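All chains, please: the whole structure from these sequences, using the hints.
As they're listed, the protein sequences go chains A and B. Heads up: the first sequence begins at 167 in the working numbering, then just goes up one per residue. Heads up: the second sequence begins at 70 in the working numbering, then just goes up one per residue.
Keep in mind that the hints are not guaranteed to be accurate.
[Claimed, not checked] Stretch by stretch, here's where chain A covers chain B in the computed footprint (C-beta under 8 Å, at least three residues):
#	stretch
1	117-123
2	158-164
3	253-267
4	314-325
Calculated from the structure, these hints are not laboratory results. All of these numbers come straight from a predicted model, not from anything done at the bench. Glycine included, C-beta positions come from ideal geometry on N, C-alpha and C.
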Amino acid sequence: MTTTRRPDSPAADAARLPGRSLLRIGPVSLLIRRRAVLVAAVLTVLLLLAVVLSLSLGTPYVAPADVLRALSGAGTPYDLVVFDLRLPRVVLAAVAGAAFGVAGTLIQSVARNPLASPDVIGITQGAGLAATVALTTGMAAALVAPTALVGGLLAAVLLFALGARHGLAAQRFVLAGVAVAFGFRALTEVVMLTADPIDGLRAQIWLIGTLAGKGWTEAAWIAGTLLVLLPVLAWAGWALNSTALDDDTARGVGLRPVARRIGLAGTGVLVAAMVTAQVGAVDFVALVAPQVARRLVRAERPPLVCAALLGALLLVLADLAGRRLFAPTQLPAGVLTAAIGGPYLIFLLLRGRRRSS
Amino acid sequence: MLSTRDLVAGYDERTVLDGLDLDLPTDAFTVIVGPNACGKSTLLRTMARLLTPRRGTVLLDGTAIRDLPTREVARRLGVLPQSPLVPEGVTVADLVGRGRQPYQRWWRQWSAEDGAAVDQAMALADVTDLADRPVDSLSGGQRQRVWIAMTLAQDTDALLLDEPTTFLDLAHQVEVLDLLHRLRSERGRTVVAVLHDLNQAARYADHLVAMRAGAVVAAGPPREILTADLVRDVFGLACVVVPCPVTGAPLVVPAYTGGNAPAPAPAPAAAAAPAAAAASGGAVASPGGDGGPGDASAAAGEPTSSTASVPDARPATGDAANPLAGSYPSKGL
Numbered sequence: 167m168t169t170t171r172r173p174d175s176p177a178a179d180a181a182r183l184p185g186r187s188l189l190r191i192g193p194v195s196l197l198i199r200r201r202a203v204l205v206a207a208v209l210t211v212l213l214l215l216a217v218v219l220s221l222s223l224g225t226p227y228v229a230p231a232d233v234l235r236a237l238s239g240a241g242t243p244y245d246l247v248v249f250d251l252r253l254p255r256v257v258l259a260a261v262a263g264a265a266f267g268v269a270g271t272l273i274q275s276v277a278r279n280p281l282a283s284p285d286v287i288g289i290t291q292g293a294g295l296a297a298t299v300a301l302t303t304g305m306a307a308a309l310v311a312p313t314a315l316v317g318g319l320l321a322a323v324l325l326f327a328l329g330a331r332h333g334l335a336a337q338r339f340v341l342a343g344v345a346v347a348f349g350f351r352a353l354t355e356v357v358m359l360t361a362d363p364i365d366g367l368r369a370q371i372w373l374i375g376t377l378a379g380k381g382w383t384e385a386a387w388i389a390g391t392l393l394v395l396l397p398v399l400a401w402a403g404w405a406l407n408s409t410a411l412d413d414d415t416a417r418g419v420g421l422r423p424v425a426r427r428i429g430l431a432g433t434g435v436l437v438a439a440m441v442t443a444q445v446g447a448v449d450f451v452a453l454v455a456p457q458v459a460r461r462l463v464r465a466e467r468p469p470l471v472c473a474a475l476l477g478a479l480l481l482v483l484a485d486l487a488g489r490r491l492f493a494p495t496q497l498p499a500g501v502l503t504a505a506i507g508g509p510y511l512i513f514l515l516l517r518g519r520r521r522s523s
Numbered sequence: 070m071l072s073t074r075d076l077v078a079g080y081d082e083r084t085v086l087d088g089l090d091l092d093l094p095t096d097a098f099t100v101i102v103g104p105n106a107c108g109k110s111t112l113l114r115t116m117a118r119l120l121t122p123r124r125g126t127v128l129l130d131g132t133a134i135r136d137l138p139t140r141e142v143a144r145r146l147g148v149l150p151q152s153p154l155v156p157e158g159v160t161v162a163d164l165v166g167r168g169r170q171p172y173q174r175w176w177r178q179w180s181a182e183d184g185a186a187v188d189q190a191m192a193l194a195d196v197t198d199l200a201d202r203p204v205d206s207l208s209g210g211q212r213q214r215v216w217i218a219m220t221l222a223q224d225t226d227a228l229l230l231d232e233p234t235t236f237l238d239l240a241h242q243v244e245v246l247d248l249l250h251r252l253r254s255e256r257g258r259t260v261v262a263v264l265h266d267l268n269q270a271a272r273y274a275d276h277l278v279a280m281r282a283g284a285v286v287a288a289g290p291p292r293e294i295l296t297a298d299l300v301r302d303v304f305g306l307a308c309v310v311v312p313c314p315v316t317g318a319p320l321v322v323p324a325y326t327g328g329n330a331p332a333p334a335p336a337p338a339a340a341a342a343p344a345a346a347a348a349s350g351g352a353v354a355s356p357g358g359d360g361g362p363g364d365a366s367a368a369a370g371e372p373t374s375s376t377a378s379v380p381d382a383r384p385a386t387g388d389a390a391n392p393l394a395g396s397y398p399s400k401g402l
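Structure representation (structure tokens):
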């Protein structure tokens, strides 16, 4: 052979794959992109800064030093503002943003389309219809989120039923999703138009997505879902590596592409339905976070962990901007995610085109 | 190694293979040939368990392939589909590394063996220098070698390839076929490929399988079975079969059916020519090249056009005295 075999250290062998290192923890060996580690570290720092900033800004203003002192449990006069008023909402923003990032990554990988997100495949509309019905029929406030979850899952079931015939192939998956989305949106509008205008407005705000008045309960539901799905997500992070292979090639190397798509898409829509049910349609994060994270990591597919961290960062910033930009008027986070993420995505697209041409 | 028993397979309503029994020899380079839509790709896909048969079995070392876990099959049988989708932005080393999938789990994503197998596969397919390049930036010939390297990284005893030379220029076709030959002769792999070019099939195959309409017409060493009669039977094409001036393998030259008129040179001169023609392979190949475009147009459109038009065209232009018109002795090479 022309190549000289390196000493049999696993790290040296993994180095054959450009930009990867092997992380060994007991019997577990994970292939990690070095750049992803760097990006994740930077994103984590930025996220922490954004959280502190978000806890600090507002009326009353709490100096970042006081925020840190309060968080360390030293007992300050700001404990009430930091812990009870701001922290729940900031944590919810971070957790929901991360969930959107995860859902977007999974859905985009199955759809093989960087524009796919929970609202393209109808999950958001399913949750939206259920929430609208709940809000306009005067259901108890505590029941709105569970109802919306049921709606989102119903949309998911419909999506899988429509997409199943062709093994959930990318094209079919997106088309089925678009059909589901339009169906549910039409129904939502019917419900909205026939409802009392005040209820209709409340539904409208829910549909845009806001974190106002939400906190620990919603965050716990989302975090709990992610936690329960953690083993599946660990598998997904690995399975995503081979979603770029076509079905024949995938079968050739011993994969079961249809089962893998069902697993990935199922996990994605579950997370999407849960998070949408809790905070509404702030789903622009799910569209942008995976793609921006992918470009930051310079990988050929969205990286799961970085997309989650970026999603968290985006939503914390969006919620902060929504609270402060036109204070005392509060804008829903859903408006701001689009305002922040949209231009950045356009910027990246333009830059990418220039580089490739 | 690989055999089929009473295999029935097809797509949607169309049955392509109907009760096929076939045994492929171990440690041989088997080439499957046949006209378009004869079922050769379907056969390969079914043997590689990419397509589930409606009836019958594919046996891998005597075990029904459908009873084996797909990961285990992937450790014994590598397959290169006809035109695999090139993933965007994936590097060569990365793609070759996907061939190690059957040995990996999400909690055991890489091992020393994986690294060694990838190294070796890239060296064998001569893509080591391309390791860091994105696959979508490579030329067709390089890409094909990368795909082959990926299947080699699977470290399987057998390799199935569906038209691995399609869309490659002649030099790259030869390069790929040489690689497959080396795999067989130096590594003792069983190689099975579907090829379009009869002359390449005859040159490289240890075992030739000729198919027509979903059935095997003949199977055996090319020098024994490849005759003008077989080509007429299988492809409906009148031809002359002469020994290849380079390898002595049967060389299929389509009979004169139209196009540029044969050179006025008398028959004896043509018969005496082979030694001289050996020096210029191009001159010998050019009549075969006439068949090439016809073959390609058939591939693009109606699969029956070549079978229908050729026999019709022959009497119209043919001349009983012209040795190129098909009466040339071509049997018993």
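Cβ contact check, 8 Å cutoff: the stretch 158-164 of chain B against chain A, three residues minimum = holds (count 5)
Outcome, coverage hint (the stretch 117-123 of chain B, chain A; C-beta under 8 Å; three residues) = Since 3 is at least three, the answer is holds.
Between the stretch 314-325 of chain B and chain A, see if three or more residues pass the 8 Å beta-carbon test, and mark the coverage as holds or violated.
-> This one is violated; 0 residues, fewer than the three required, reach chain A with a Cβ under 8 Å.
Given coverage of the stretch 253-267 of chain B by chain A, checked by CB-CB distance under 8 Å (3 or more) | violated (count 0)
Consistency with the previously given hints fails for numbers 3, 4, ordered from lowest to highest.
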